[in-house]
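Trainee: Residue numbers (our numbering), protein chains in the order written: chain A, 1 to 47; chain B, 1 to 236; chain C, 1 to 238; chain D, 1 to 225.
Worth flagging that the hints you see were computed from the coordinates, not collected in a lab.
Every residue, glycine too, gets a C-beta built ideally from N, C-alpha and C.
It is possible that part of the hints are untrue.
[To be verified] Lysine-lysine pairs mimicking DSS-like chemistry, simulated, CA-CA at most 27 angstroms apart:
{"hint": "1", "chain 1": "A", "residue 1": "K34", "chain 2": "B", "residue 2": "K74"}
{"hint": "2", "chain 1": "B", "residue 1": "K8", "chain 2": "D", "residue 2": "K158"}
{"hint": "3", "chain 1": "A", "residue 1": "K26", "chain 2": "B", "residue 2": "K106"}
{"hint": "4", "chain 1": "B", "residue 1": "K227", "chain 2": "B", "residue 2": "K77"}
{"hint": "5", "chain 1": "B", "residue 1": "K8", "chain 2": "A", "residue 2": "K26"}
{"hint": "6", "chain 1": "D", "residue 1": "K158", "chain 2": "B", "residue 2": "K227"}
{"hint": "7", "chain 1": "B", "residue 1": "K77", "chain 2": "A", "residue 2": "K26"}
{"hint": "8", "chain 1": "B", "residue 1": "K77", "chain 2": "C", "residue 2": "K106"}
{"hint": "9", "chain 1": "D", "residue 1": "K158", "chain 2": "B", "residue 2": "K106"}
{"hint": "10", "chain 1": "B", "residue 1": "K227", "chain 2": "A", "residue 2": "K34"}
{"hint": "11", "chain 1": "A", "residue 1": "K34", "chain 2": "B", "residue 2": "K13"}
{"hint": "12", "chain 1": "B", "residue 1": "K230", "chain 2": "A", "residue 2": "K26"}
{"hint": "13", "chain 1": "B", "residue 1": "K8", "chain 2": "B", "residue 2": "K227"}
{"hint": "14", "chain 1": "A", "residue 1": "K34", "chain 2": "B", "residue 2": "K106"}
{"hint": "15", "chain 1": "B", "residue 1": "K74", "chain 2": "C", "residue 2": "K107"}
{"hint": "16", "chain 1": "A", "residue 1": "K26", "chain 2": "B", "residue 2": "K74"}
{"hint": "17", "chain 1": "B", "residue 1": "K13", "chain 2": "A", "residue 2": "K26"}
{"hint": "18", "chain 1": "B", "residue 1": "K227", "chain 2": "C", "residue 2": "K107"}
{"hint": "19", "chain 1": "B", "residue 1": "K230", "chain 2": "C", "residue 2": "K107"}
{"hint": "20", "chain 1": "B", "residue 1": "K74", "chain 2": "B", "residue 2": "K230"}
{"hint": "21", "chain 1": "C", "residue 1": "K175", "chain 2": "D", "residue 2": "K158"}
[Said to hold, decoys possible] Distance ranges between label pairs, derived from CB positions:
{"hint": "22", "chain 1": "B", "residue 1": "R78", "chain 2": "C", "residue 2": "L14", "range": "18 to 26 angstroms"}
{"hint": "23", "chain 1": "D", "residue 1": "P199", "chain 2": "B", "residue 2": "C69", "range": "29 to 37 angstroms"}
{"hint": "24", "chain 1": "B", "residue 1": "E224", "chain 2": "D", "residue 2": "T191", "range": "53 to 61 angstroms"}
{"hint": "25", "chain 1": "A", "residue 1": "S41", "chain 2": "B", "residue 2": "S137", "range": "25 to 33 angstroms"}
{"hint": "26", "chain 1": "D", "residue 1": "L19", "chain 2": "C", "residue 2": "E213", "range": "22 to 30 angstroms"}
{"hint": "27", "chain 1": "A", "residue 1": "S41", "chain 2": "B", "residue 2": "R12", "range": "56 to 64 angstroms"}
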Amino acid sequence: MSGWGFVFLAYGIVWLALLLYLFFLKRRARRVEKELAPLRSSAVKKN
Amino acid sequence: MAQAAQNKTRGRKLLGASALLSVLAGLYFGLIEAPPDAYQGNAQRIMYLHIPSILTAYLSFFIVFIGSCLFLWKREKRDDILASSAAEIGVLFTALTILEGSIWGKPTWGVWWTWDARLTLTAILLLIFIGYLMLRSLIEDETRAAVCSAVLGIIGFLDIPLIHMSVYWWRTLHQPPSILRPDKMPWENIHPSMLIALAVNFVAFILLYFYLLSLRFHVGEMEEEAKTRKLYRGSL
Amino acid sequence: MRIVIRGLSKSYGLVWALKQTDLVLEPGECIALLGPNGAGKSTLLGLLSALLHPTTGEVLIDGQRLDQGSSPLRSAIGLLTPSGHLYEGLTLRENLHLFNSLYGVKKSPQEIDEALDTVGLGRWREEYVSALSSGMKCRLGIGKWLLLQPQFLLLDEPYGVLDGSGVDLLESYLKRLCRSGGTVVMATHHVSRILTLCSRALILRRGELIFDEPRQQPWESFHRTFAEFLPRGDQWSS
Amino acid sequence: MELLRQTVWLLRKDLLLELRRRESVVAMFFFGTLLLFVFHFAFEIPPDRAAAMAPGLLWLAFIFTGTLGLTQLFQAERENHCLEALLLGPMDRAALYLAKVSFNLFLMLLVEVIIFPLFWILFNLAFWELLPSLFLVALLGTMGFCVLGTLFSAVTLKARARELLLPLILFPLMIPVILATVRGMEILLRTGQFEEAVPWLRLLVGFDVIFLTAGFLIFEWVIEA
């Protein structure tokens, strides 16, 4: 493995991991928003 | 209230965009613009990744410390969410830092892992972070989990200087100081464009870190809001 | 001792153990805390003794806010649970000596022995608590509070383990405490016993206070509300 | 003053319970000696290298025995909700912390006083005259272990998998103590002078002082949470 091999390995893993984390975070955010929307609207309706 | 939320999301999008831009710039400078190192060749380019990510590891530990202190003092759930978000991202960045360090070690020292002071310290930081997340997940009662994690956050942070001292003394005892010795910072006598690459990558990592942190914090706040709404829906 | 409770509530995760409650407990009152299992009686006792941290609201004792931590206010609060609060490995005397010094009450050893005699445990002075029956442990608990003289005594179902003379002992102590301006709150299921003793009754259901009236002789309102919780004969065979 | 009086009473209670039941001290002692035998079989220790490896092995044995003691530390309080009995009253929470630190320290030192000479005999080492100064270094190290160990024993008191969680959290934080104690002892064994090991001992004393005060201030919030 030449110098560049290691560089791409390191950069590849790091940015892949960060993108994956971002993806899961976005998905988690969407799920919470989906859960929160009815709660917010029902509360507004009631009081 | 809605107006403030809009500003926040717009702010976050702006932060995200600028983080993306600076990351691309960092990649450009790091991989293309900067010349290969005379001694290590191209493998040295991993430095542009490694040094900034070490910083984010320590930065996130500092934020966990701040969040923990604020929580113990004012007992506001917001600070606890800040601490737990910073810890989660901290674990990610610390783990990546160690990964980069060992990948960089292979071409430079020929081994995947050396008990070099910097790598050992980052590994210890990762262990403390993992302990923090384990503790938080293994205590059922919410306020108790928050208080106990805050205590670990504070004690862990106070321990860092002592760990630094003991590891460095121990290090200088055994092995002649390695290339990454802290007192000879890599940017003392290096090529100006390398310096630029390092600086750009620094900015990129900071922006990326705060973007992820604000996103994770926002998710944490929403989850907390969902919980309180479900709770109060019963008695409203 | 006057206790004011403002907007006190406690939630565990998504469940309300105790919903928003406002109460005033006057000095000299002996209050019965009734309700089915899981109604929040123990939670309320935990909040009143500051062993639990409320989700919202506060407890004021003689105007001072009671919160966790070692405040002198807490030397006036007592909590009697039949099984608990005694070191099994220590003898009866050592237990009382320990709590005597921790509460800074500074009672002499004679007074400690006297307290043990009054609760009928004089003979077991040097025995280990682990050797005692649960009834005797409850008597030791009474002896402990006789010694520490709290102004605000909370009891969590003491009748379950006490024998005849134990009940008389407890009730005479509670009467004396209420007469001297102390406040008593007892959570129990022995309705007939407590109704003769208490000056006021509270009924909790699913964390909500549904009944709060001082005692009066023809107490239809109490029996009407409480009828729902009385056992309805043998449910299993029908 | 009041704090000291309460600490002494609580310590007296713990010592009395331990004297009668003798659970912890016997378990810790036998666990310690067991570890010495395990080390003997696990590592092929050539006689000349034994002195160099002694500090590491000894301290490893002490840390594991200490962890055993820590998991049992609040056992008396867990029975019969005695912890609630203590928290109900106006007792100073820090008194409970100081009492538990000194109790665990006492247990560990008791075990160490026996295991030190035993180690010397089993691995037939010389340097008998160095034992007192070695013991002083171990004392400072054990103090550091107890100060943080007690705090985190309380932190993990009501956590699930408590016995697993405690070492997981405690050991990374103990690294300065481990390094300082083992290096300190090693230097003593190698050079025989005390001055050589002073920088490590200063680190140890610093660790003890910092975390004794931190524990003293924070313990109240942990135990009441």
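Trainee: None of the hints should be skipped; say for each whether it holds.
Mentor: Outcome of the hint check:
no.: 1; hint: K34(A) with K74(B); verdict: violated (31 angstroms)
no.: 2; hint: K8(B) with K158(D); verdict: violated (38 angstroms)
no.: 3; hint: K26(A) with K106(B); verdict: violated (35 angstroms)
no.: 4; hint: K227(B) with K77(B); verdict: holds (12 angstroms)
no.: 5; hint: K8(B) with K26(A); verdict: holds (16 angstroms)
no.: 6; hint: K158(D) with K227(B); verdict: holds (23 angstroms)
no.: 7; hint: K77(B) with K26(A); verdict: holds (22 angstroms)
no.: 8; hint: K77(B) with K106(C); verdict: violated (42 angstroms)
no.: 9; hint: K158(D) with K106(B); verdict: violated (44 angstroms)
no.: 10; hint: K227(B) with K34(A); verdict: holds (14 angstroms)
no.: 11; hint: K34(A) with K13(B); verdict: holds (20 angstroms)
no.: 12; hint: K230(B) with K26(A); verdict: holds (23 angstroms)
no.: 13; hint: K8(B) with K227(B); verdict: holds (21 angstroms)
no.: 14; hint: K34(A) with K106(B); verdict: violated (46 angstroms)
no.: 15; hint: K74(B) with K107(C); verdict: violated (39 angstroms)
no.: 16; hint: K26(A) with K74(B); verdict: violated (30 angstroms)
no.: 17; hint: K13(B) with K26(A); verdict: holds (12 angstroms)
no.: 18; hint: K227(B) with K107(C); verdict: violated (50 angstroms)
no.: 19; hint: K230(B) with K107(C); verdict: violated (51 angstroms)
no.: 20; hint: K74(B) with K230(B); verdict: holds (24 angstroms)
no.: 21; hint: K175(C) with K158(D); verdict: violated (38 angstroms)
no.: 22; hint: R78(B) with L14(C): 18 to 26 angstroms; verdict: holds (20 angstroms)
no.: 23; hint: P199(D) with C69(B): 29 to 37 angstroms; verdict: holds (31 angstroms)
no.: 24; hint: E224(B) with T191(D): 53 to 61 angstroms; verdict: holds (58 angstroms)
no.: 25; hint: S41(A) with S137(B): 25 to 33 angstroms; verdict: holds (32 angstroms)
no.: 26; hint: L19(D) with E213(C): 22 to 30 angstroms; verdict: violated (54 angstroms)
no.: 27; hint: S41(A) with R12(B): 56 to 64 angstroms; verdict: violated (23 angstroms)
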